[in-house]
Amino acid sequence: MQTYDLAQLIEWDQRIREKVAEFGLDCFPQEFEICDHNQMLGYMAYAGMPSHYPHWSYGKAYEKLKTLYDHGVSGLPYEMVINSNPALAYLMRDNTLSLQILTIAHVYAHNDFFKNNFTFQTTRPEFVIGAMKSHGQRVRSYIESPSIGIDRVERVLDAAHALSLQCRRNLALRKLSVEEQRQRKLEDAQPREDPFARVHKRQQSETPDLHKVPLEPEEDLLLFLRDHNPFLDEWERDLLTIVHEEAQYFVPQIETKIMNEGWATFWHKRILESLNLPQDLHLEFLVRHNQVVRPIAGSLNPYHIGWKIWEDIYRRYEEPDVEEEDQLESGVRSGFDKIFSVRAADRDASFLRRHLTERLVRELNLFEYRVRGGDWVVTEVADQEGWRKIKETLIRSVGMNTVPVIKVEDADFGHHRTLLLVHEHDGRDLHLEYAEKTLAYVYQLWGRDVALQTVVNGRKVLLQFGDRGFTTRQLTR
Amino acid sequence: MAILESIFRPYNPSDAERSDRAAADRLRHRQKVRQCIRENIADIVAEEAIIGKDGGRIIKVPIRGIKEYRFIYGENVPGVGQGEGEMEPGQVLRHGSGEAQGQPERAGDRPGVDYYETDVTLDELVEIMFEDLELPDLERRKLRELPAQRVLKRKGYRHAGLRIRLDKRRTVKSKVRRRLAAQRRAAMTRGERFPFHEDDLTYRHMEPDLKQESNAVVFCMMDTSGSMDTMKKYLARSFFFLLFQFVRAKYRNVELVFIAHHTEAQEVTEEEFFHKGESGGTFISSAYQKALEIVQERYHPSLWNIYAFHCSDGDNFDADNATALKLAEELCQVSNLFGYGEIKPLGSRYYESSMLQLFRRIEADNFHTVLIERKEDVWPSFKAFLARDRVRE
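These protein sequence lines map, in sequence, to chains U and Z.
By numbering that gives the first Met the number 0, the letter at position 424 of the first sequence is numbered 423, and the numbering carries on one by one without gaps.
By numbering that gives the first Met the number 0, the letter at position 295 of the second sequence is numbered 294, and the numbering carries on one by one without gaps.
Next up, chain U with everything else stripped away, as it sits in the complex (with noise of 0.2 Å):
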């Protein structure tokens, strides 16, 4: 039963922004559309997105989410916001009022991370929602085209989001254009300047390999196979094209989410806490926040891990003990200061390797396990040694750590246009089964044959996909 009306929602979220201001977060302007729980339903399975072009998948994610809710596994979360300018966030109709400043609170908090953080600068905001829509109708005229149908748009759908997180991490870095990369081998080649050339015997300079497809390791695969597959139509380009664009456009979003949990919670609760909200809705509050950062046996909630760092990190500079006091960097004046430039400056990633203490580990009870034959065990647990291993660990299983690099290294392996895939094997094996089917994806749009170089149990082992289907050899070396 709905126990508000608009008229006070309005009214809250006046005070809710008087705050925001107050405490110096930079909000892009907000929309808030007041949704029942299909419709979040719906908009959960479309990544929030109001538009967005039709796949299967998202009917699969759609009948997930809508199972898991009827049967009370999962409830729906309070809020989505997406980033876009004006930032839209969606609210549940049948949330308490209590519950609902707490979400508008909490929105503005992401409003100001997405506005905020470095790795959301190339995104894009202000240009987002008209791209998604733009990319559905582009995908429903494919769709409608007598000549192509839905059966082959899904086939390179299908193939596209096999493949749609190989791509570039860190969008910040500027990626250099093939002139450019061209320039870097040259240089490269050159000689070092040496002060006793006099002396020494002369370098030897190698030319550089300038026809080489790539010169230098591609990770964007779909770009890649999109440039140089002549045979692809143009609308099979423009399929791939649209999949790349809409992963980059969420990989800050999967690259930053214990950080941007963590900072919504930090900051609804500092918000509401100065609202002086009258007793009932208060203590509801508190019923409410104390859900949202329960920590899950188990399993990690992202709500707790970020907002206890962010909350830590602001402690530190505001009251910092003895050992504490000389580790604190020099000029920052405040916590606020000192959370608000880590909020800028960091992804998930370098905010738990700068952040994450031994304290923190402890405190929040971390342990890494491993699955052995099928058991899960517990490996490590938050003491003195143990909490450094927890920690990359952690690192490891967040953002985009938990998707392997594999990048391209030659587009004529052995002579024959093999497309030659490289894993950056960091430790961690891929999963055979997966990368056998993600491999015939590769095939189905490079259109020869592909291979994947990688270490299994130790060993180097090429993965090969062409017309006779799958094989693996071992690599000597």
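Simulated from the structure, these hints should not be mistaken for laboratory data.
Treat the hints with caution; some may be incorrect.
Said to hold, decoys possible - Below 27 Å or equal to it, Euclidean Cα-Cα: the simulated DSSO-like pairs (lysine-lysine) are:
hint	chain 1	residue 1	chain 2	residue 2
1	U	337	U	307
2	U	256	U	388
3	U	436	Z	66
4	U	18	U	256
5	U	337	U	114
6	U	65	Z	31
7	Z	66	Z	374
8	U	256	U	114
9	Z	66	U	256
10	U	132	Z	31
11	U	436	Z	31
12	U	174	U	406
13	Z	66	U	65
14	U	211	U	406
15	U	436	U	63
16	U	337	U	256
17	U	184	U	200
18	U	63	Z	31
19	U	406	Z	66
20	U	256	U	174
21	U	307	U	256
22	U	63	Z	66
Starting from the known structure of chain U, arrange chain Z on it as the hints suggest.
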């Protein structure tokens, strides 16, 4: 800093109703699931103990093709979780059997580990299985129809009809009603005679009920002798279960006769056929004899399309072989299709006797044999029987 602006867009019920935009994608997803089930049907039929279950029952079908593959890390990757209370290295959070001790649902944030299972009812499964299977022979012959049975069925009342169907009670009631109405209008005085009017007469109405009866009968004959161990029985039952479901799904009017035999044959109910165990020696001829008897009694070949299927491990008493062969030939003559499925779980065919050799002598072109060695063979052999029937025309 610019002043922060905000807009509220209120809830709009009519928008909400129109906004089920996942509908098309859901439909597409369901189609894919169905297709996937169809492709894996042989495995599903082999794996699922679906035999003898009710149609409405939900079974879980693991779906393989519908996963969304990506490059992901495998199982040797450690994860991090948040603990409850004291934890020690070496502590087992969850056993492989999946029995959680209130511990991780999915620990860490591992993307794409996509275990997918879908629920379908048995009826749905059967429908999917048989979507592209037909008994075309049955269809093409248009099933010589039995003379339609005329049954008269009561259906309402009329004001005209045969005298013999006059409903006296209703007729009188109608007159009483009319008289009360007339009295209220004071159109008549008490004691005056008030005769029946033609409108009072009410007749029971009868309509002829045409009952269609097709005349095809399927004989399911199964060896239940002692040599049929659990595995063999399971295979035979799987086969008949498919046949039974198929016939039931496609042809409402086909009759089924179940015969279980060891040294002697018995006509049994469907329930008994699928659930009862027997033992003893094997006289295959007994089943054929029984089938022929039943044909003689109830399903004359000139009026009925007869389909006979027999599953056995072929471990027949030698003395019976000659009779069995003779009767099998007879059965071929009266039936449209006679299929013999020999159940030989892997390996056992090297030391057990087989009827396949013997039956090779039967020349009738409507006789067909298959060998079922493992559960994966059930579905293909089932299809082979039906395909056979198709080729023959």
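Evaluation of the provided hints:
1. U:337 to U:307: 15 Å, holds
2. U:256 to U:388: Satisfied, since the Cα-Cα distance of roughly 21 Å is no more than 27 Å.
3. U:436 to Z:66: OK: residue 436 (chain U) and residue 66 (chain Z) at ~10 Å, within 27 Å.
4. U:18 to U:256: It holds: about 24 Å lies between the C-alpha atoms, which stays within 27 Å.
5. U:337 to U:114: 17 Å, holds
6. U:65 to Z:31: Holds: residue 65 (chain U) and residue 31 (chain Z) sit about 18 Å apart, inside 27 Å.
7. Z:66 to Z:374: 26 Å, holds
8. U:256 to U:114: 15 Å, holds
9. Z:66 to U:256: Within the cut-off at roughly 25 Å; holds.
10. U:132 to Z:31: Since the Cα atoms of residue 132 (chain U) and residue 31 (chain Z) sit roughly 26 Å apart, the hinted pair holds (cutoff 27 Å).
11. U:436 to Z:31: 17 Å, holds
12. U:174 to U:406: Roughly 14 Å separates the two Cα atoms, so the pair holds.
13. Z:66 to U:65: 18 Å, holds
14. U:211 to U:406: With a Cα-Cα distance of about 15 Å, the restraint between residue 211 (chain U) and residue 406 (chain U) holds, given a limit of 27 Å.
15. U:436 to U:63: 23 Å, holds
16. U:337 to U:256: Holds, at about 20 Å.
17. U:184 to U:200: With a Cα-Cα distance of about 23 Å, the restraint between residue 184 (chain U) and residue 200 (chain U) holds, given a limit of 27 Å.
18. U:63 to Z:31: Since the Cα atoms of residue 63 (chain U) and residue 31 (chain Z) sit roughly 15 Å apart, the hinted pair holds (cutoff 27 Å).
19. U:406 to Z:66: With a Cα-Cα distance of about 24 Å, the restraint between residue 406 (chain U) and residue 66 (chain Z) holds, given a limit of 27 Å.
20. U:256 to U:174: The hint holds at about 24 Å.
21. U:307 to U:256: 14 Å, holds
22. U:63 to Z:66: Holds - the C-alpha atoms of residue 66 (chain Z) and residue 63 (chain U) are around 13 Å apart, at most 27 Å.
Violated hints for the displayed structure: none, as all numbered hints are satisfied.
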